[in-house]
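Asker: Starting from the structure of chain A, add chain B where the hints point.
Protein chains in written order, with the working numbering: chain A, 1 to 165; chain B, 1 to 255.
Where chain A lies over chain B, by a calculated footprint (3+ residues, C-beta under 8 Å):
hint : segment
1    : 30 to 42
2    : 48 to 55
3    : 128 to 136
4    : 140 to 146
The calculated label-pair distances, taken between Cβ atoms and stated as ranges, are:
hint : chain 1 : residue 1 : chain 2 : residue 2 : range
5    : B       : Glu66     : A       : Ser112    : 39 to 47 Å
6    : A       : Gly131    : B       : Asp74     : 41 to 49 Å
7    : B       : Glu29     : A       : Ser154    : 33 to 41 Å
8    : B       : Ala128    : A       : Val80     : 19 to 27 Å
9    : B       : Gln154    : A       : Gln15     : 52 to 60 Å
10   : A       : Arg64     : B       : Val246    : 18 to 26 Å
11   : B       : Pro172    : A       : Arg44     : 57 to 65 Å
12   : B       : Gln206    : A       : Ser112    : 28 to 36 Å
Simulated from the structure, these hints should not be mistaken for lab results.
Since we're looking at a predicted model, the values are computed, not measured.
Cβ atoms here follow ideal geometry from the backbone N, Cα and C, with glycine treated the same way.
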Amino acid sequence: MTPATASFSPEQVWQELGTIPDPEIPVLSLVELGVIGAVEIEGRTVRVALRPTFAGCPALHAMRVAIDDRLRRLGAASVVIDLVLHPPWSTDDLTPEARVKLVAFGLAPPPSPIVRIDEILATPRTCPNCGSNETEVRNEFGPTPCRTIHFCRSCRQPFEGMKPI
Amino acid sequence: MKPGLRSPLAEALLALADDELILAHRDSEWTGHAPILEEDIAFANIALDELGHAALWYRLVADLREEDAERYPDRLVFHRPAGAFRNVRLVEHPKGDWAFTIVRQFLFDSAEQVRLKALAAHPQASLAQTAAKILTEERYHLRHLSAWVTRLAQGTPESKHRMQAALDHLWPLAGQLFQTLPGEAILVDAGAWPASPMLGIEWQAQVTDFLTGCGLTIPARTSPDESGRQIHSAHLEPLLAEMQSVARLEPQGEW
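Isolated chain A (complex conformation) (with noise of 0.2 Å):
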């Protein structure tokens, strides 16, 4: 006979969520990122609400796959995750811990909070190599959906920062 009921706490699918890597940014878990919205559990059933970080991240397939085979190994019978729209995700959700594992991964954050794209983007990223603020834009678009490309004029290396949103 299965239980009726779950054995595990909403905190401890928190837990389990925060140890799942971001497909795309590894050194991230899924609750870094920001991209969960909220957890409910329903008898055995979990529901997870999944932020999108952009609608077309080619990464949100890996991310469902992860999500409902780890909480199933938590010991859910079923889950039920929602792709949640509101509030839209922003790089403001991500935790202050994120912005230092960002940095060491070579990915710079960008400032926060965002009032307007273009101050944003105007504002010289720091580079994650040497620190220096005199780096440019080289491209608003990057090597995934919300990344951009950046150019250190100090180092003279290229860097990739998270696309504000």
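Answerer: For chain B alone, coordinates are given in the frame of chain A:
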């Protein structure tokens, strides 16, 4: 939402979704072929964004028709014949030269922004939230496209000539974006949709200002092509034949 409005709303949103899908496919044709590497990256991203926006609209269509939001979009995209698509003819045209692609994307994205701003105020939350989400991403498109329009229109005589030629060709086609959408008349009567012709006036004033400011000439008014979104050019079938080929080889396939 009143039950009688679900079906017309699904029709209107399907038209918006099809526009995004077909344009995304045309944009993706630059992957590996764009004039410079930076633009290869930019246009691959723009294509992916438009595809993502199409997917959001298709999900809403699925909800309105009480279909499976995970599977129904694939059925719409990969298993509909050309005659069932509701996109405008503007997005079907092959990608042309770089000026043609830039002018088309500029006209489309600026039109989309006008419509999305109106839809972001829609009383139905799922619709308003989808429009708001897409708007956050579209800001990047318009920044990028506006810069390219300015650069090419004010560049060399050759680039200006190509931009004007593209505008002359595309301007009459772009008008179709603001013809009344399928299902729209019922929705507008119920106060549940912004009337496209009204939005079109706003859009036309905006882009006319911008394009003439760049030194381009808005083509003289010609008799508009009033045929609806069920009529397609000869370009759609070959596009779909390619896009749908893999899915149709194995209709029950899972990947």
